[in-house]
Amino acid sequence: MEKLKILGNIERVKAPAGFEKQVLARIGQEAGKREKGRMLVILRTALAGAAALAVIAIGINVIHKHAGQTLPVETAGIESRAPDYGRYSVPERSGGQGYLPLLETVDYTDEIRGGSPGARTVYILEQVSEGQTSGIKY
Amino acid sequence: MDEQALMKLVQNGDQAAFETLMTLYKDRIVNYLYQVSRDYQTAVELAQETFVRVYFKSNKYRPIAPLSSWIFAIATNLARSEARRGSRKSAVSLDDIANDYLAGTYSEDPVDSGLVSNLRQALEELPPRYKVPVVLKDLEGFSQEEIAFMLKKPVGTVKARISRGRAQLRKKLEKALGGPEAYSVSEVNQNGKA
Numbered sequence: 001m002e003k004l005k006i007l008g009n010i011e012r013v014k015a016p017a018g019f020e021k022q023v024l025a026r027i028g029q030e031a032g033k034r035e036k037g038r039m040l041v042i043l044r045t046a047l048a049g050a051a052a053l054a055v056i057a058i059g060i061n062v063i064h065k066h067a068g069q070t071l072p073v074e075t076a077g078i079e080s081r082a083p084d085y086g087r088y089s090v091p092e093r094s095g096g097q098g099y100l101p102l103l104e105t106v107d108y109t110d111e112i113r114g115g116s117p118g119a120r121t122v123y124i125l126e127q128v129s130e131g132q133t134s135g136i137k138y
Numbered sequence: 001m002d003e004q005a006l007m008k009l010v011q012n013g014d015q016a017a018f019e020t021l022m023t024l025y026k027d028r029i030v031n032y033l034y035q036v037s038r039d040y041q042t043a044v045e046l047a048q049e050t051f052v053r054v055y056f057k058s059n060k061y062r063p064i065a066p067l068s069s070w071i072f073a074i075a076t077n078l079a080r081s082e083a084r085r086g087s088r089k090s091a092v093s094l095d096d097i098a099n100d101y102l103a104g105t106y107s108e109d110p111v112d113s114g115l116v117s118n119l120r121q122a123l124e125e126l127p128p129r130y131k132v133p134v135v136l137k138d139l140e141g142f143s144q145e146e147i148a149f150m151l152k153k154p155v156g157t158v159k160a161r162i163s164r165g166r167a168q169l170r171k172k173l174e175k176a177l178g179g180p181e182a183y184s185v186s187e188v189n190q191n192g193k194a
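Top line first, the protein sequences correspond to chains A and B. In this text, residue positions in the first sequence follow the working numbering: the first is 1, and each later residue adds one. In this text, residue positions in the second sequence follow the working numbering: the first is 1, and each later residue adds one.
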């Protein structure tokens, strides 16, 4: 019967003296570490937020600058319609600096609404009233 | 004082209650970790870490299981991590430790002493997956359900591991003592029964 308890009779060890003190000291250290870690997390988050804001601000600035230089609405199609400046002799200014002539093709076809392809009618508006004349309006 | 009430005080930051809790469990935890790691220094360090965790994680304790199961579960996790890390320093033999650390619960009879020594050796050679349930069951006296809670394994798995662990222990003991006739198989088996 004695041997039946053999597993339970394996030698047992005890905690060393001052075990509680050591644990409490470790708890104090751990609490300090945790506080420090929490502060680091807050600092890191703040820094990351500031960096993100800076990146966004720089991005917006760059986009604005880029948009100011080449606005898509103003430049659309200009390249394809650009005249061949090589055909023209560019007169030199007295200062020796060249200038580019601005050429614009103006089409008045659509300027007169309902205009017929035949001879155009010109209306001359003449004052018929007896009041002071204001001149003939064309 | 009731353990649950004690834990409630610990949860409220009562340091005296925590010290009482430590006094209640320190020897059991150190002994358990020693049986698992077979290194007293490691066992003490892991036990200290266990109580540090108990202190900081006390708010996570829910009284769905006995407090002892919860504390032993923390100790088991730490022992597992330590075993996995494999960074165990040079093992400190029990012979190098002052006698007052030993509870002296085993017989001084030379025959029994040899048997215990062989059993200790056999237990040491047991793989951790069998050793931990066997130690918890046969040395610490936990139920299979409690061990299942601690190891986060189904009760069936725990039962099987205890059974296989005991069988391996038996085999090793028979081998060490020169065959089954030198040491009856039923002795370890019966001792391990719940």
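The hints are simulated quantities; they were obtained by calculation from the structure and are not laboratory data. Careful: at least some of the hints might be erroneous.
SDA-like, lysine to any residue: derived pairs with alpha carbons at most 20 Å apart [to be verified]:
| # | chain 1 | residue 1 | chain 2 | residue 2 |
| --- | --- | --- | --- | --- |
| 1 | A | LYS36 | B | LYS57 |
| 2 | A | LYS21 | B | GLY141 |
| 3 | A | LYS21 | B | VAL52 |
| 4 | A | LYS14 | B | LYS57 |
| 5 | A | LYS14 | B | ILE64 |
| 6 | A | LYS14 | B | GLY141 |
| 7 | A | LYS33 | B | GLU49 |
Cross-check of the supplied hints:
no., hint, in the structure
1, LYS36/A to LYS57/B, "holds, 18 Å"
2, LYS21/A to GLY141/B, "violated, 28 Å"
3, LYS21/A to VAL52/B, "holds, 12 Å"
4, LYS14/A to LYS57/B, "violated, 24 Å"
5, LYS14/A to ILE64/B, "violated, 29 Å"
6, LYS14/A to GLY141/B, "holds, 17 Å"
7, LYS33/A to GLU49/B, "holds, 15 Å"
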